[in-house]
Amino acid sequence: MDTIGNTKEQKQLGYAYNSAPKITPHNRGVQQEGDSDTMTTLPTRIAILGLGAAARNIHLPAYRKLTDIEIVGGYDPVAPEKGQFDFPVFTSPDQLIDTTKPDIVAIACPTPFHFELTQMALNRDCHVFCEKPFTTTIEEAKSLIELAKSKQRWIVVNNEFRFMNIYEAAKEKIGSAEFGELLFVNAQQMFHVNAHTEAGWRGDDPQRTCKEFGIHVLDLCRYFFGAEPIRIDAKMPKPGNPNGPDYLNIIRLDFADGKTAQITLDRLTKGRHRYLDMRLDGTHGAIETELGGNITFSAGIRGGDRKPFVNFDVSMGGRALLYQAEASNKIATDPLDIFANATAKLMARFISALKSGGTPDCCAQDNIKTLALMLAAYDSAHLGQPVEFASQWL
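For the sequence shown, our numbering begins at 1 and goes up steadily by one.
Because the hints were derived from the structure by calculation, they are not lab data.
It is possible that part of the hints are untrue.
Pairwise CB distance ranges, derived in the manner of DEER restraints [said to hold, decoys possible]:
no., residue 1, residue 2, range
1, Asn57, Asp94, 22 to 30 Å
2, Glu81, Asn329, 47 to 55 Å
3, Leu66, Leu336, 16 to 24 Å
Derived pair list, reagent style BS3-like, types lysine-lysine, alpha-carbon separation capped at 25 Å [said to hold, decoys possible]:
no., residue 1, residue 2
4, Lys330, Lys307
5, Lys330, Lys171
6, Lys355, Lys345
7, Lys345, Lys171
8, Lys270, Lys238
9, Lys238, Lys65
10, Lys235, Lys270
11, Lys151, Lys355
12, Lys149, Lys355
13, Lys149, Lys171
14, Lys101, Lys149
15, Lys355, Lys101
Glycine included, C-beta positions come from ideal geometry on N, C-alpha and C.
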């Protein structure tokens, strides 16, 4: 992950990246200073708060991809069926942490509980791996960052899209001879909601779309441009349902030197489902990414040079293509379990940073700006006008 820089806000909080606090682990799984370099490092112990869909479909499959992790227990307010999990399930978060003494607490429960549970884990000297958004307000976020600093612990936020192969490959091409300088990003989702997608707590959230999904796209825009947008202009019309969820998001991000991102998240559609398509336009080329599996055979006449073409492609979880005019080259694909795979990569990097004493990717000190950008989108939509952004973080 590219570091955007040591902002005035970070320095006020004592979190400039070149003076990151040295981790002093309390756990068995992280080698402590002074230990032999040849010692056998024990597994990193992880406890999971929240055993719903995010844990079952993303976190648990991700952790099982890693050989140096031990899942020591879990907790969910809805007691799971006996034998559903291959680790102990406790009756309260306190009991789980106090009994198992984990190195990292993974928080995979609804957003309103993130602040309290992160606070509890930090106060018990645990690092935290939290689902996004890691809290609901900037004030809460700053409070957690200060607490983590005082405890010499880290909060890492699972904005895992940065670690999907297709977006890593796109980022690596920015500045290359084939792609050049990034000028414009266009992102689009067409999502057909139904009773299954809206089941549970997410379907009842009036901030359904931008908070739960748009925050990933906003984070990718920060990642690709390597800078903060000067301003954000968001519209969230609710045709026919003025008090309903934000199923339509139309967002523009203005960056320095006229660079721009345009984001359209459409969950009103009754058409075909496209989870996330992105196009990055550079001075020498373009990159198109598709999140979602495809097995495609296509043939036809190109619109530009009018030459015939035949294509066959298998991309189970997603793909990224680099274009120069009509010519294309596939630069990355992702596996079918794209979310778990990316989460595993981020967790592995988190554990590596704990062992080396480095700054973890997606740490709260940086992710607070992704949180702020998502909140600014709602502010802009409510006010009906653009909101200045970058100036708040200089």
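Quick check: which numbered hints come out false for this structure?
Numbers 9 and 13, in rising order.
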